[in-house]
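From first to last, the protein sequence lines are chains Y and F.
Residue numbering for the first sequence follows my numbering, beginning at 1 and increasing consecutively.
Residue numbering for the second sequence follows my numbering, beginning at 1 and increasing consecutively.
I should point out that these hints are in silico values taken from the structure, not numbers from a laboratory.
Check each hint, because a few of them may be wrong.
The following residues of chain Y were derived to be distant from chain F, with all beta-carbon distances above 12 Å [said to hold, decoys possible]:
| # | residue |
| --- | --- |
| 1 | HIS67 |
| 2 | LEU114 |
| 3 | PRO155 |
| 4 | GLU247 |
Which residues of chain F face chain Y? A partial, calculated answer using Cβ under 8 Å [stated by the list, open to error]:
| # | residue |
| --- | --- |
| 5 | SER86 |
| 6 | HIS90 |
| 7 | THR110 |
| 8 | ALA117 |
| 9 | ASP118 |
| 10 | THR121 |
| 11 | ARG122 |
| 12 | LEU128 |
| 13 | LEU178 |
| 14 | ARG180 |
| 15 | LEU219 |
| 16 | GLU226 |
| 17 | LYS233 |
| 18 | VAL277 |
Just so you know, even glycine gets a beta-carbon here, dropped at the ideal spot from N, CA and C.
Number of protein chains: 2
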Amino acid sequence: MADPTPNRFERDTAVEALGTGRYRGTVDPGWAVIEGAAPNGGYVLALAARAMRDALPHPDPVTVTAHFLAPPEPGPVDIEVELVRSGRRHSTVAAKLWQGGRERTRLLGTFADLGAADGPTRLDRPGLDLPPLDDCVDATSRSVERAKDGAYPAPPILMRFDHRMPAEMMGWAEGRPLGRGEMGGYLRWADGAPMDTLGLLVVADCYPPPVFNMGDSRLGWVPTIELTVQIRKRPADGYLATRFTTEAITNGYLEEDGEAWDADGDLVVLSRQLALVAR
Amino acid sequence: MADPTPNRFERDTAVEALGTGRYRGTVDPGWAVIEGAAPNGGYVLALAARAMRDALPHPDPVTVTAHFLAPPEPGPVDIEVELVRSGRRHSTVAAKLWQGGRERTRLLGTFADLGAADGPTRLDRPGLDLPPLDDCVDATSRSVERAKDGAYPAPPILMRFDHRMPAEMMGWAEGRPLGRGEMGGYLRWADGAPMDTLGLLVVADCYPPPVFNMGDSRLGWVPTIELTVQIRKRPADGYLATRFTTEAITNGYLEEDGEAWDADGDLVVLSRQLALVAR
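Sequences are here, hints too, so could you generate the full structure?
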């Protein structure tokens, strides 16, 4: 029998259907990047996507795009869902996330039942070149220890995951950046809950920006303009292996490309965001 | 003085404002992939984007996403534009493209004035490894010659561009595929018109699918579910260098990643589409 108790992710992205495509959710403060500040964009995307798929026979977002208009604050949000087209294999849905009379996020996504996908498979893309899991640092515990030692507080969203990162990926926080725009490692939910395709929407945006590893003093915070996540497969149990890169910054605009692979060695996510170097 | 005569691309994507966010355009048959068939998705995207930006102070799509619901046919289309948010640096706009009482494409985009973008620039991404332009084949002329010789007709959209392609990229049409999912080369408009940021939306979808170069008999036509194009810069005069790749096919779902660089060596486009192997 499935565990009837919702896990932390399910609880914090729960939505209540109010009828005629209207939903109510609550932005939980536990998904902020900085204590008390705006929630992570991937979390907002997942919260909205749970409403978007509520009335569909298709539970998996195969491609969903969010344009971030203004960050919501912790507390209630309203989500307005419009079914654009519903077919046998796919449903396309648009959504608006509102708070305090102001639209915060606009979304557009296509959903499918990935459990029923049955076309050809071929993987020419090389997998990730990460060290073995046991050679990685427990980045979640490390961050908590550093916070106790008086460093900056551990980001709330970090605590939602069990992060295992190659040591070289973490040097940026101690003044030893990689010198290239890369971030990543292994992760799973901190509470051991299974990862589903809505959770992958958070995974696609849960790391510090790869630009932090560039060692370029011009680059600080990089607010997301748009995030698109493509999901291929429901992940197998176990840690996901992830990689996020930024390779081109053009007059302040940059991409953040992400990929995640499951414990079966299958590609489960391709993501890309457009972000802008904050002035 | 600027040439007041619209070029072919401008003419075929012209829209008439009918008021209150409503526009009328015409799908021209000259942008089909197969004579008499549905228009190219990038062309439909550009047509809609011209309406989307009509009322904005921001002429350049920095990121625009289209979900393709059903292909339109040549002839009149209606475009309904909703201004989601207008700020100093960016405007976000949603749009619906209708024909015959049926929605064909849903879009969401953010626009900027790329001429005024002034943040940092840093390019770590390697450029394309194409042979020099003069060593490439005039793929447009070659296709027309082949059509005269009784091969399949030249695709109308091919004639809109002056395509110069590495010889190895063209073998797939004669039974000698590359063996990997790649397509690309140099291109400019066939009529010599300058390439603008709306034209780049067509460039992002104008090649045969990279899967044609895989040499995998399971892979035929791959209809696009969603296409997102990120634009960084107004291109310099001259040929664009392009590369499109497909590296992972998962139960029929695949990505098509594109990039285009201008004659100044700057990255101008990053694109990604989600497509599905046709049954």
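Tested hints:
| no. | hint | verdict |
| --- | --- | --- |
| 1 | HIS67 | 5 Å, violated |
| 2 | LEU114 | 7 Å, violated |
| 3 | PRO155 | 25 Å, holds |
| 4 | GLU247 | 4 Å, violated |
| 5 | SER86 | 10 Å, violated |
| 6 | HIS90 | 7 Å, holds |
| 7 | THR110 | 6 Å, holds |
| 8 | ALA117 | 4 Å, holds |
| 9 | ASP118 | 6 Å, holds |
| 10 | THR121 | 6 Å, holds |
| 11 | ARG122 | 4 Å, holds |
| 12 | LEU128 | 13 Å, violated |
| 13 | LEU178 | 11 Å, violated |
| 14 | ARG180 | 6 Å, holds |
| 15 | LEU219 | 7 Å, holds |
| 16 | GLU226 | 4 Å, holds |
| 17 | LYS233 | 6 Å, holds |
| 18 | VAL277 | 5 Å, holds |
Going down the numbered hints, you'll see the structure goes against 1, 2, 4, 5, 12, 13, while the others check out.
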